[in-house]
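Asks: For reference, the chains in residue letters:
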Amino acid sequence: MIDLWQQQIKAAAAKGEKLAIKGSGSKLFLSPTHEGAALDTRAHSGIVEYDPKELVIVVKCGTALAEVEKAMADAGQMLAFEPPHFGEGATIGGMVATGVSGPRRAYAGAVRDFVLGAKVIDGKGDHLSFGGKVMKNVAGFDVSRLLVGSFGSLGVITEVAFKCLPLPKAEATRVFEMDSATAIEAMNRWYAEADPITATTWVDGELYVRFAGAAPAVNSAVQKRGGEALANDLDWWRDWREQRHAFFANAKELHRMSCKSTAPVLDDMATAIEWGGALRWVEADEANAAKLRYQASRAGGYASVWRGGASTHASAAQSLSEPLKEIHAKLKTSFDPYNVFAPLPLGEVAR
Amino acid sequence: MSLTFDRPSQTTVATTVEALRKDFGDRAVTSHAVREHHSHGEGMRDAGLPDVVVFPETNEEIASIVKLCNQARIPVIAFGTGTSLEGHLKALYGGVCIDLSRMNNILQVNAEDLDCRVQAGVTREQLNAEIRSTGLFFPIDPGANASLGGMSATRASGTNAVRYGTMKENILGLTVVTPDGRIIKTGTRARKSSAGYDLTRLYVGSEGTLGIITEIQLKLYGVPERISAAVCQFDELSNAVNVVITAMQLGIPMARIELLDEVQMDACIKYSKLEGFAAKPTLFMEFHGTDAYVAEQIEQMKSITADYGGSDYRFADKPEDRTKLWKARHDAYWAGMSYKPGNQAFATDSCVPISRLADCIAAAKAEIAKTSLTCMIVGHVGDGNFHVQISFNPNDAREREQAETAAAQIARIAIGMGGTCTGEHGIGIHKLDALKEEHGEAVDVMRTIKKALDPNNIMNPGKTIPMA
Ligand SMILES: Cc1cc2nc3c(=O)[nH]c(=O)nc-3n(C[C@H](O)[C@H](O)[C@H](O)COP(=O)(O)OP(=O)(O)OC[C@H]3O[C@@H](n4cnc5c(N)ncnc54)[C@H](O)[C@@H]3O)c2cc1C
Chain A
364 MIDLWQQQIK AAAAKGEKLA IKGSGSKLFL SPTHEGAALD TRAHSGIVEY
414 DPKELVIVVK CGTALAEVEK AMADAGQMLA FEPPHFGEGA TIGGMVATGV
464 SGPRRAYAGA VRDFVLGAKV IDGKGDHLSF GGKVMKNVAG FDVSRLLVGS
514 FGSLGVITEV AFKCLPLPKA EATRVFEMDS ATAIEAMNRW YAEADPITAT
564 TWVDGELYVR FAGAAPAVNS AVQKRGGEAL ANDLDWWRDW REQRHAFFAN
614 AKELHRMSCK STAPVLDDMA TAIEWGGALR WVEADEANAA KLRYQASRAG
664 GYASVWRGGA STHASAAQSL SEPLKEIHAK LKTSFDPYNV FAPLPLGEVA
714 R
Chain B
48 MSLTFDRPSQ TTVATTVEAL RKDFGDRAVT SHAVREHHSH GEGMRDAGLP
98 DVVVFPETNE EIASIVKLCN QARIPVIAFG TGTSLEGHLK ALYGGVCIDL
148 SRMNNILQVN AEDLDCRVQA GVTREQLNAE IRSTGLFFPI DPGANASLGG
198 MSATRASGTN AVRYGTMKEN ILGLTVVTPD GRIIKTGTRA RKSSAGYDLT
248 RLYVGSEGTL GIITEIQLKL YGVPERISAA VCQFDELSNA VNVVITAMQL
298 GIPMARIELL DEVQMDACIK YSKLEGFAAK PTLFMEFHGT DAYVAEQIEQ
348 MKSITADYGG SDYRFADKPE DRTKLWKARH DAYWAGMSYK PGNQAFATDS
398 CVPISRLADC IAAAKAEIAK TSLTCMIVGH VGDGNFHVQI SFNPNDARER
448 EQAETAAAQI ARIAIGMGGT CTGEHGIGIH KLDALKEEHG EAVDVMRTIK
498 KALDPNNIMN PGKTIPMA
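Line order of the protein sequences matches chains A and B.
Residues 364 to 714 (the working numbering) are what the first sequence spells out, left to right.
Residues 48 to 515 (the working numbering) are what the second sequence spells out, left to right.
Warning: the hint list may mix true and false statements.
For lysine to aspartate or glutamate, the following EDC-like pairs were computed, each having C-alpha atoms within a straight-line distance of at most 16 Å [said to hold, decoys possible]:
hint : chain 1 : residue 1 : chain 2 : residue 2
1    : A       : K623      : B       : E159
2    : A       : K654      : A       : D630
3    : B       : K374      : B       : E322
4    : A       : K615      : A       : E649
5    : A       : K378      : A       : E398
6    : B       : K387      : B       : D313
7    : B       : K498      : A       : E689
8    : A       : K526      : B       : E216
9    : A       : K587      : B       : D338
10   : B       : K232      : A       : E689
11   : A       : K587      : A       : D631
12   : A       : K526      : A       : D648
13   : B       : K320      : B       : E367
14   : A       : K532      : A       : D437
15   : A       : K615      : A       : D648
16   : B       : K417      : B       : E448
17   : B       : K232      : A       : E685
18   : A       : K487      : B       : D491
19   : A       : K487      : B       : E488
20   : A       : K654      : A       : D631
21   : B       : K320      : B       : D368
22   : A       : K615      : A       : E646
23   : A       : K688      : B       : D227
24   : B       : K114      : B       : D70
25   : B       : K387      : B       : D443
26   : B       : K215      : A       : D476
27   : A       : K433      : A       : E412
28   : A       : K587      : B       : E272
29   : B       : K412      : B       : E272
30   : B       : K327      : B       : D313
31   : B       : K266      : B       : E216
32   : B       : K232      : B       : E107
33   : A       : K693      : B       : D227
34   : B       : K69       : B       : E108
35   : B       : K266      : A       : D476
36   : B       : K266      : B       : E159
On the chain B side, residues computed to face chain A include the following (Cβ under 8 Å) [unchecked claim]:
hint : residue
37   : Y244
38   : T467
39   : G470
Derived from the structure by calculation, the hints contain no laboratory data.
Every residue gets a Cβ at the ideal spot worked out from N, C-alpha and C, and that includes glycine.
Produce the entire structure from the sequences given, and follow the hints as far as they go.
Replies: Next comes the structure, spelled out in structure tokens:
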């Protein structure tokens, strides 16, 4: 497969044509432009190497995320950033190319924090290997992490090595009735006080906190904080992660706002909060989207359309300064001198 | 494609130095002593002197220096505290050394958001001293009191990496002066967001070859309710290593787990006057969390060490005892240096898949056994990262050569086991060949990036990425 793709890329480069890299299409809504013949990553699929004792898994790009998660769960391990699938066939390549992480991100780290190495075919058709499969590697530029969130603009990510973590021994979710300000304060303070928290969400006047780790640590945290126990917690968090919760279903135009974790909530727009306050989902129509973006920048971050509105990418691109735009263009050209792949992604990326 | 650099002419250098003197007065220094001090890090002393050392105080001053150098095609080398180990600072082509030590202000501490912004010259100890009253700390602790700019530039780590990560996981954003003298900001206060490529990750670990880092936004952590340090000793090195492997596989969230072999332990006992320990393979451990959580972790560890014949634990719970213990660990390098009177030592830096750790250490020891040299092993073994400190007589050319050959061979062994030639010290000039061996054609892309972002190759030329 790799040979074939290399030829395909070289041919496209020679003819000045474009290639559209795609997997199952589950996250296509995040990247606006797809021109040219399709290069379907699912043709290169399978787990290359997985010895749970090693705490490393090496996977081909087209492998279904579900397959990887199943193999890891069977061995008592997980991808600790809890990636959303957003569709049945979601692939590993798409997960890395979009760099989107789930509820555990604020506590365990993002996709890029678990990428140990990656292979990529660049726009000249060369198959290259960056990083490796060890926990620490400072040999040369950190290119494998640059690929995370690059939306296929730098090359075809063909294989990725991830760091695995053991599944927590115990897990319990507690629900607290609270207004947003109290919830934001609680999420930040409890985490700073070293509670074993692995997810927080505030929605519809309720704060959901997931505690996980060794049983005594979870028990003592639950006792200390109180709240109501949540039955079906696994399903609840899965639905939340996959955005099947009613909050998402009911939102017409949904914006995603990243900000400092203590920023106050805007009262006049329906909001859900996660990642300890650092991520907000806000329902805003065209009329108040500008206000939302302004508030986000005041809170040290960005807001952009996630679903249902005009493209997210234009607004975020404006926030890049001239020299930054130049650096982006130079990096793009370094990997893809003939512009075979999708254009530079300037949208806000969830990392 | 290859990179090139021609040493600038004497006249160009003289004109540039003159211009810097005019702008910076006595903050542009040309005395031999100061230039010599800035011509090397720790490690092997193969000095190459910069032509002038400048001590800027603002981002704008740095930008003006870099602009001048870019016009004149003169090398620019950033200097943090000069503790790097791989010849990162040697001025191969002369040039201007930018010493960041006057950029030592902590710009913001945001206690609720668990982050801060510092100038690049702030050292890790200074940061921790100044934020102590907030109940927060910054965990990354290379053995030296390095600058946070230098630590960012080398993607440094330390004894806490298993639990808290390395620099790359703890930097939220940077201010960088680009090779054409512009000031850019990467990342945002919002930790989990950025537009476009993740440039922060590109600059972190670029060893001063893509730009000068002037400010860093860092994550901070709450000081845990309970901190407990413990020492456990073993008769066999392999048993100590197996304890580490088991603990990692069970996911015990050790804050620190450090291995010292019997020679290193002997050196540390002598150098740091440690009492009550034998010169045996040893694990230094630390546990962080709530009272209940720490107690649970210790119980789990005790059952593992018992399986591998470990000794009873010696605990250090009082802050002063813990400080003494970890100071001894951080001083392992100096203990190695002074182990044999008159000798010098340098450290290898392999990182291998955790299951290969025991094999790799054994193979490294076998490599040294072929020589007449003494070596000792110390490592952040929870990550599969260990250092062989090779002690040699600097006045004996044969010994030095033996030491260098053995070090290169140890890097090769690690790469052969699916590992890397450097887990934390970086490439500098000494590991350029090993980088090629490890990354093959991918080095071409790194070179293309370097050429694209620094077309005149003025930023620390000849380091990190092989020129050809
Ligand atoms: C005893 C001892 C123990 C050590 N232990 C460890 C360890 O446990 N883990 C570890 O990772 N390292 C360790 N090191 C290596 C060293 O401390 C680290 O590499 C450290 O990060 C270097 O920081 P520095 O401020 O001294 O940088 P310097 O040595 O001054 O510079 C290092 C490199 O970074 C560049 N640089 C410095 N500042 C900037 C800047 N602001 N912008 C751009 N580039 C810059 C320089 O040009 C140079 O290429 C140890 C060294 C010693 C001597």
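Asks: For each hint, tell me whether it holds in the structure or not.
Replies: Hints, verified against the model:
Between K623 (chain A) and E159 (chain B) the CA atoms are separated by roughly 10 Å; this keeps the pair inside 16 Å, and the hint holds. Pair hint K654 (chain A) plus D630 (chain A) holds up; C-alpha atoms about 12 Å apart against a cutoff of 16 Å. For a cut-off of 16 Å, the pair hint linking K374 (chain B) to E322 (chain B) stands: about 14 Å separates their Cα positions. Between K615 (chain A) and E649 (chain A), the direct Cα distance comes to roughly 11 Å. Compliance with the 16 Å bound is thereby established for this hinted pair.
Proximity of K378 (chain A) to E398 (chain A) is assessed by CA-CA distance (about 15 Å); at most 16 Å being required, the pair is judged to hold. Proximity of K387 (chain B) to D313 (chain B) is assessed by CA-CA distance (about 12 Å); at most 16 Å being required, the pair is judged to hold. The suggested pairing of K498 (chain B) with E689 (chain A) holds, with an alpha-carbon distance near 14 Å, which does not exceed 16 Å. Taking the CA atoms of K526 (chain A) and E216 (chain B), the gap is near 13 Å; set against the 16 Å cutoff, the hint holds.
For the proposed pair K587 (chain A) and D338 (chain B), the alpha carbon gap of about 13 Å is at most 16 Å, so the pair holds. Straight-line distance between C-alpha atoms of K232 (chain B) and E689 (chain A) comes to about 13 Å, which keeps the hinted pair within the 16 Å bound. Under the criterion of a C-alpha separation no larger than 16 Å, the hint pairing K587 (chain A) with D631 (chain A) is inconsistent with the structure, at around 33 Å. Distance restraint check for K526 (chain A) and D648 (chain A): the Cα-Cα separation of roughly 40 Å exceeds the 16 Å cut-off, and the hinted pair is therefore not satisfied.
Taken as a hint, the K320 (chain B) and E367 (chain B) pair is honoured in the structure, with Cα atoms around 15 Å apart against an allowance of 16 Å. For a cut-off of 16 Å, the pair hint linking K532 (chain A) to D437 (chain A) stands: about 14 Å separates their Cα positions. Our distance criterion of 16 Å between C-alpha atoms is met by K615 (chain A) and D648 (chain A), whose separation comes to about 8 Å. Annotation: proposed proximity of K417 (chain B) to E448 (chain B) holds, straight-line Cα distance about 13 Å (limit 16 Å).
For the hint linking K232 (chain B) to E685 (chain A), the alpha-carbon distance of about 11 Å falls within 16 Å, and the restraint holds. With a CA separation close to 12 Å, the supplied pair K487 (chain A) and D491 (chain B) stays within the 16 Å bound. For a cut-off of 16 Å, the pair hint linking K487 (chain A) to E488 (chain B) stands: about 12 Å separates their Cα positions. Among the hinted pairs, K654 (chain A) with D631 (chain A) is consistent with the structure: their alpha-carbon atoms are about 11 Å apart, no more than 16 Å.
A C-alpha spacing of about 13 Å is found between K320 (chain B) and D368 (chain B), which places the hinted pair at or below 16 Å, so the restraint holds. For the proposed pair K615 (chain A) and E646 (chain A), the alpha carbon gap of about 7 Å is at most 16 Å, so the pair holds. Between K688 (chain A) and D227 (chain B), the direct Cα distance comes to roughly 15 Å. Compliance with the 16 Å bound is thereby established for this hinted pair. For the proposed pair K114 (chain B) and D70 (chain B), the alpha carbon gap of about 13 Å is at most 16 Å, so the pair holds.
For the suggested pair K387 (chain B) and D443 (chain B), the alpha carbons sit about 14 Å apart, so the restraint of at most 16 Å is met. A threshold of 16 Å between alpha carbons decides the hint, and for K215 (chain B) with D476 (chain A) the separation of about 8 Å falls inside it, so the pair holds. Only pairs whose Cα atoms come within 16 Å are accepted, and K433 (chain A) paired with E412 (chain A) is accepted, the gap being roughly 15 Å. Taking the CA atoms of K587 (chain A) and E272 (chain B), the gap is about 14 Å. The hint holds against a cut of 16 Å.
Note on K412 (chain B) and E272 (chain B): the hinted pairing is violated, with a Cα-Cα distance of about 40 Å set against a maximum of 16 Å. Among the hinted pairs, K327 (chain B) with D313 (chain B) is consistent with the structure: their alpha-carbon atoms are about 8 Å apart, no more than 16 Å. Between K266 (chain B) and E216 (chain B) the CA atoms are separated by roughly 9 Å; this keeps the pair inside 16 Å, and the hint holds. About 13 Å separates the Cα atoms of K232 (chain B) and E107 (chain B), which keeps this hinted pair within 16 Å; it holds.
With a C-alpha separation of about 14 Å, the suggested pairing of K693 (chain A) with D227 (chain B) holds against the 16 Å cut-off. Between K69 (chain B) and E108 (chain B), the direct Cα distance comes to roughly 13 Å. Compliance with the 16 Å bound is thereby established for this hinted pair. Pair hint K266 (chain B) plus D476 (chain A) holds up; C-alpha atoms about 14 Å apart against a cutoff of 16 Å. Straight-line distance between C-alpha atoms of K266 (chain B) and E159 (chain B) comes to about 11 Å, which keeps the hinted pair within the 16 Å bound.
Contact between Y244 (chain B) and chain A, as hinted, is supported at the beta carbon level, the nearest pair being about 6 Å apart and thus within 8 Å. Checking T467 (chain B) against chain A: minimum C-beta separation of about 4 Å stays under 8 Å; hint holds. Of the supplied interface hints, the one on G470 (chain B) holds, with its beta-carbon coming within about 4 Å of a beta-carbon of chain A, less than 8 Å.
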